[in-house]
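Colleague: Chains as they are written, first to last, in the working numbering: chain U, 1 to 358; chain W, 359 to 473.
Please keep in mind that the hints were generated in silico from the structure rather than gathered at the bench.
Please note that the accuracy of each hint is not assured.
[Said to hold, decoys possible] Simulated restraints, written as ranges between beta carbons of each label pair:
id : chain 1 : residue 1 : chain 2 : residue 2 : range
1  : W       : Leu469    : U       : Gly221    : 20 to 26 Å
2  : U       : Gly38     : W       : Arg380    : 50 to 56 Å
3  : U       : Val40     : W       : Lys365    : 44 to 50 Å
[Said to hold, decoys possible] Below are the DSS-like pairs computed for lysine-lysine, each with C-alpha atoms no more than 30 Å apart in a straight line:
id : chain 1 : residue 1 : chain 2 : residue 2
4  : U       : Lys46     : W       : Lys361
5  : U       : Lys51     : W       : Lys414
6  : W       : Lys382    : W       : Lys414
7  : W       : Lys397    : U       : Lys55
8  : U       : Lys312    : W       : Lys382
Positions of the beta carbon are idealized from the N, C-alpha and C atoms, including for glycine.
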Amino acid sequence: MPKTIIPFGPQHPVLPEPLHFSLTVEDEIVQEAIPGFGYVHRGLEKLCEIKDIHKMIQVVERVCGICSKIHALCYCEGIEQMMGVEVPPRAKYLRTIWSELHRMHSHLLWLGLFADSFGFESLFYHFWRIREKILDINEKTAGNRIIVSVNILGGVKRDLSTEDQKWILAELKEIENKLEEVKDTLFKDYTISKRTKGKGILSAEEALYLGAVGPVLRASGVAQDCRQLQYAAFSELDFEPVIAQEGDSFARMQVRYFELFQSIDLIRQALSKIPEGPISVKVKGYPEGENVFRVEQPRGEVFYYFKANGSKFLDRLRIRTPTFANVPALAKMLTGIELADVPVVILSIDPCISCTER
Amino acid sequence: MEKFSYKIINLQDLLTQVKELREKKYRLVSISCTQVEEKFELLYTFDLNLSLKHLKIIVAKDTPIPSLTCIYEGAFLLENEIQDQFGLSFAKLNIDYKGQLFYPEKNPLFLKNNK
Numbered sequence: 001m002p003k004t005i006i007p008f009g010p011q012h013p014v015l016p017e018p019l020h021f022s023l024t025v026e027d028e029i030v031q032e033a034i035p036g037f038g039y040v041h042r043g044l045e046k047l048c049e050i051k052d053i054h055k056m057i058q059v060v061e062r063v064c065g066i067c068s069k070i071h072a073l074c075y076c077e078g079i080e081q082m083m084g085v086e087v088p089p090r091a092k093y094l095r096t097i098w099s100e101l102h103r104m105h106s107h108l109l110w111l112g113l114f115a116d117s118f119g120f121e122s123l124f125y126h127f128w129r130i131r132e133k134i135l136d137i138n139e140k141t142a143g144n145r146i147i148v149s150v151n152i153l154g155g156v157k158r159d160l161s162t163e164d165q166k167w168i169l170a171e172l173k174e175i176e177n178k179l180e181e182v183k184d185t186l187f188k189d190y191t192i193s194k195r196t197k198g199k200g201i202l203s204a205e206e207a208l209y210l211g212a213v214g215p216v217l218r219a220s221g222v223a224q225d226c227r228q229l230q231y232a233a234f235s236e237l238d239f240e241p242v243i244a245q246e247g248d249s250f251a252r253m254q255v256r257y258f259e260l261f262q263s264i265d266l267i268r269q270a271l272s273k274i275p276e277g278p279i280s281v282k283v284k285g286y287p288e289g290e291n292v293f294r295v296e297q298p299r300g301e302v303f304y305y306f307k308a309n310g311s312k313f314l315d316r317l318r319i320r321t322p323t324f325a326n327v328p329a330l331a332k333m334l335t336g337i338e339l340a341d342v343p344v345v346i347l348s349i350d351p352c353i354s355c356t357e358r
Numbered sequence: 359m360e361k362f363s364y365k366i367i368n369l370q371d372l373l374t375q376v377k378e379l380r381e382k383k384y385r386l387v388s389i390s391c392t393q394v395e396e397k398f399e400l401l402y403t404f405d406l407n408l409s410l411k412h413l414k415i416i417v418a419k420d421t422p423i424p425s426l427t428c429i430y431e432g433a434f435l436l437e438n439e440i441q442d443q444f445g446l447s448f449a450k451l452n453i454d455y456k457g458q459l460f461y462p463e464k465n466p467l468f469l470k471n472n473k
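Please model the entire structure based on the sequences and the hints provided.
Modeller: Structure, rendered in structure tokens:
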């Protein structure tokens, strides 16, 4: 059978953002997958040369809409560490709560898109209906539904009132019940199992070797989660990384689904322990030297590198996003699978091209 | 959180040192490039059980840098991005986009005093 090269993307019904793969196919089996980019590149890191360290928060929030809050968290904690700024405890808790809300809305968005990728429209709408509740919380507490701009150097710029906290807890209970309702469908439905089990398998060794991160890594049995590094208020909260062993598309779905319950638990813990006090401190001066910082985004570890010279502009800001790290692993997953499974397997890593191209 | 420190190594020792890290099961996290006057600093970051290790090399613009893709296959995206942004070149890259990973034409956007 002769080899055929099939262009997949950049526009494809299953892709929310433009990504290209050159798929070398022989007898309907993918032999090689070469990724192609360059459709939404912006060069945002370069803006650190003309936007001061405070204005850069708004820039990094726009690296990716879906994990905007967590980009800003990573940026702020990295700069604060360089400058020796001690953030008030209440601000650390507030950062944690909004981060976990962000993880939930991202995972719910993905679960809907994933259901859509194998044609399960009603499940897609169900997850997006649940997600609306998180977006309502974001809007009420942070002023925006998606770009949650709450971080500043030295803390946060918004607080949660006692009424807000009670309302969030009530909404989380309802979200938890709604998620339980779909559990049987998600894990016992014949079609979902047929389309996802054994598709795009990545072993633990391959995942580490290829640099995979986040749910992709954990679904291959590696219990690694950057929240274990104890940034924000995670040092005071109890949690264990959610893992699965099979390393296939089903396992990646399983990890994200159970991480939703983990996030609910973390928000409840944070709300039960949140101390009273100020939500920010004034930051004077500018950073100098080099630093790295990493946090756990919904798609996995995001890594920031800073180089500063004591002026209001950074010399260099480099952002290695989770999808960028997961693309080599994705190319491996695609090799050896049937052409018909390619869309589902691509979706299974939760690709964010906006992040990847920055 | 971990404190940041790095080890400066010679360009010719890069592959040997990275091979040792690979044998110890380190994961390649990132390669971060910065231009300092006419030279370029490349910071290689590796992780083992959430503990980071950094190696730094300093190179001139025309010096070919050995690609890590013979040790870490997935390094090709990190190295191609540096080729795109700074106009540096990596030797023996497994997939070489030749400075056109993100841009349709060669355009090292991050190169200072780019003439």
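Colleague: Would you mind marking each hint as holding or not holding in the structure?
Modeller: Evaluated hints:
1. Restraint check, Leu469/W to Gly221/U: a C-beta distance of roughly 42 Å breaks the suggested window 20 to 26 Å.
2. Roughly 30 Å separates the CB atoms of Gly38/U and Arg380/W, a value that falls outside the hinted 50 to 56 Å.
3. Between Val40/U and Lys365/W the beta carbons are some 36 Å apart, a value that contradicts the proposed interval 44 to 50 Å.
4. Pair hint Lys46/U plus Lys361/W holds up; C-alpha atoms about 25 Å apart against a cutoff of 30 Å.
5. Pair hint Lys51/U plus Lys414/W holds up; C-alpha atoms about 27 Å apart against a cutoff of 30 Å.
6. Restraint check for Lys382/W and Lys414/W: the C-alpha separation of about 19 Å stays at or below 30 Å, so the hint holds.
7. Restraint check for Lys397/W and Lys55/U: the C-alpha separation of about 28 Å stays at or below 30 Å, so the hint holds.
8. A threshold of 30 Å between alpha carbons decides the hint, and for Lys312/U with Lys382/W the separation of about 40 Å lies outside it, so the pair is violated.
Consistency note: the structure conflicts with the earlier hints numbered 1, 2, 3 and 8.
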